[in-house]
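Asker: If you want the building blocks of each chain, they are given just below.
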Amino acid sequence: MHLIGELSAVLATALFIFALYWMNDPKTARHGVIAGVVGMTVAVVATWIQPEIIHHGWVVGAIAAGFVVGVPLSRVPLTAVPQRTALSHAFGGLAAGLVGTAEYFLWRSGSATAEMTHFRMSALAAEVILGFLTFTGSLMAAGKLQEVRWIPQRPVTYPGQNFVNIGVLAAAVALGVAVALHPGAPWAEQAFLAIAVLALIFGVLLIIPIGGADMPTVISILNAYAGLSAVAMGFVLDSKLLVTAGALDGSSGLILSIIMCRAMNRSFTNVLFGAFGKAQPALAAGEQKPWKQETVEGAAQLLEQARNVVIIPGYGMAVAQAQHKVRELYDALTKRGVTVKFAIHPVAGRMPGHMNVLLAEANIPYSALVEMDEINPEMPQTDVALVLGANDVVNPAARYNKGTPIYGMPIIDADKAKTVLAVKRSKNPGFAGIDNELYVQDNTWMLFGDAKAVLGELVKQFGGGGIH
Amino acid sequence: MSDFGSMLFVFVLATFIGLGVIRRVSRLLYTPLMSLTNAISAIAVVGSIVVAGADHPLAIRILGAVALFASMTNIVSGFMITDRMLKMFKKQ
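Chains as they are written, first to last, in the working numbering: chain A, 1 to 468; chain B, 1001 to 1092.
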């Protein structure tokens, strides 16, 4: 019986590694899902058939409930994928926190067989801290992304905020150390519960000062925490399978966090403790140059006469649900022999890879989706750069203006294109509250309006008789 | 039984494998990658099954059942939405 457990764990581990390996190419990626499902099934069955599992009704009921909630969650619109992802980090953290709590009280009541070593107790404290802070933190992030009414979207900051946050976490860790040293002490039970409560509070406090533009990084960091809480659970339960799967998840979150931070030229600590979107030092000290507005007809003409067009999508495209109109424009231009590419900034959207998924949904071939580093050398030869709901990722001030919060952030060189067309919903500054001088450049023409509406008008120009 | 050394050993090796494999993941697929790793780390389900299904006091089993529900939700929605997104990536 024990042998079956060990062998199935090894098999599941191998399948999980293959699942991630196949993600290196969109052609093989779907094999990865199959490998993951098989690995998961093997692990679940091997656990379930152990003789100690006697309350099968409970297991069946909870699994059925998981299906009832999980299936609709997998069918959300792709614009809502960031909040679904945050929600799933929350569920992962919750599971770790609850199992950790259960394990501790089982041991206190004397019904657990395993010995509570200092090491095991430390892992248990880490599991509970990571699990519960991931739970509330991710719920907050999901709420912000979903724009739930009673969760403020804007970063909320107050004096001494970092002091409070670090204080709460430090208190939880200190209690964790105390419990790890004396797991059986009379006060340890209360201390353990206090750790859980502090971690739950810390998760909320951690996300309050974070704004929408930082969500890709924050979701990645929460992903890493969720993975690490699974690792800690593996240490507690003495399960190499859990440790391995958690480590895979954790390292994925870590790598994505690093990529996101690099793409914003910021450090982890800066993202978590340096609230973005604070009042920004006056950039427009001199006189503000005026916008130049372009008509839809003029824009259509510019696009049609171009040999190559680079479209730079941002979160504004997702908000306006404009990706299908983008596809129509792509078709219209491609049919006329215009080469159309999409320039994807790593932090465009609200989570890593968000733009790629939205454009793929609109049936745009992935060969047309080009990463920032690859497209930038081509920008000076680009006839028209069409900026679509992107803002900070094309702001030239990032290159030289030390006063702006986005200073040093790598950007897509839209400004170097021969002509820039920028579609923008309103004349207000972007999410980070920063003026964008791209819009007042000599070669930039603005199209004001909802991205979907503007694109619809543009496509109409190519449709019947307007322009041939 | 709880062999601290070998568990740490497994953790370190798995992290290195994870870093090596994830670094090669196509940049196009970061969103599905996240939902896939999320589903995989819901392997915490094995811990929840033991807590919910073994002969424990009722309160403990309730904690386990909620954890099992949460993990199962991640497994189901994680794998399904990953596949749904991956289906959309077409070369031409």
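Please keep in mind that the hints were generated in silico from the structure rather than gathered at the bench.
Any given hint could be a false lead.
To be verified - Computed spacing ranges between beta-carbons, pair by pair:
#1 A:Val164 - B:Phe1016: 48 to 58 Å
#2 A:Leu193 - B:Arg1023: 32 to 42 Å
#3 B:Asp1055 - A:Val197: 22 to 32 Å
#4 B:Ile1062 - A:Val197: 33 to 43 Å
#5 A:Ala14 - B:Arg1023: 17 to 27 Å
#6 A:Arg425 - B:Leu1008: 44 to 54 Å
#7 B:Arg1023 - A:Val197: 35 to 45 Å
#8 A:Thr295 - B:Arg1023: 18 to 28 Å
#9 B:Phe1016 - A:Gln293: 48 to 58 Å
For every residue, glycine included, the Cβ atom is placed at its ideal position computed from N, Cα and C.
Asker: Each hint needs a verdict: does it hold in this structure or not?
Answerer: Here's how the hints hold up against the structure:
1. A:Val164 - B:Phe1016: 48 to 58 Å: Given a distance of about 37 Å, which is not inside 48 to 58 Å, the answer is violated.
2. A:Leu193 - B:Arg1023: 32 to 42 Å: holds, 40 Å
3. B:Asp1055 - A:Val197: 22 to 32 Å: About 29 Å separates the Cβ atoms of Asp1055 of chain B and Val197 of chain A, which means 22 to 32 Å holds.
4. B:Ile1062 - A:Val197: 33 to 43 Å: violated, 19 Å
5. A:Ala14 - B:Arg1023: 17 to 27 Å: About 19 Å separates the Cβ atoms of Ala14 of chain A and Arg1023 of chain B, which means 17 to 27 Å holds.
6. A:Arg425 - B:Leu1008: 44 to 54 Å: holds, 52 Å
7. B:Arg1023 - A:Val197: 35 to 45 Å: Distance hint for Arg1023 of chain B, Val197 of chain A holds at roughly 38 Å.
8. A:Thr295 - B:Arg1023: 18 to 28 Å: violated, 47 Å
9. B:Phe1016 - A:Gln293: 48 to 58 Å: At 55 Å between Cβs, range holds.
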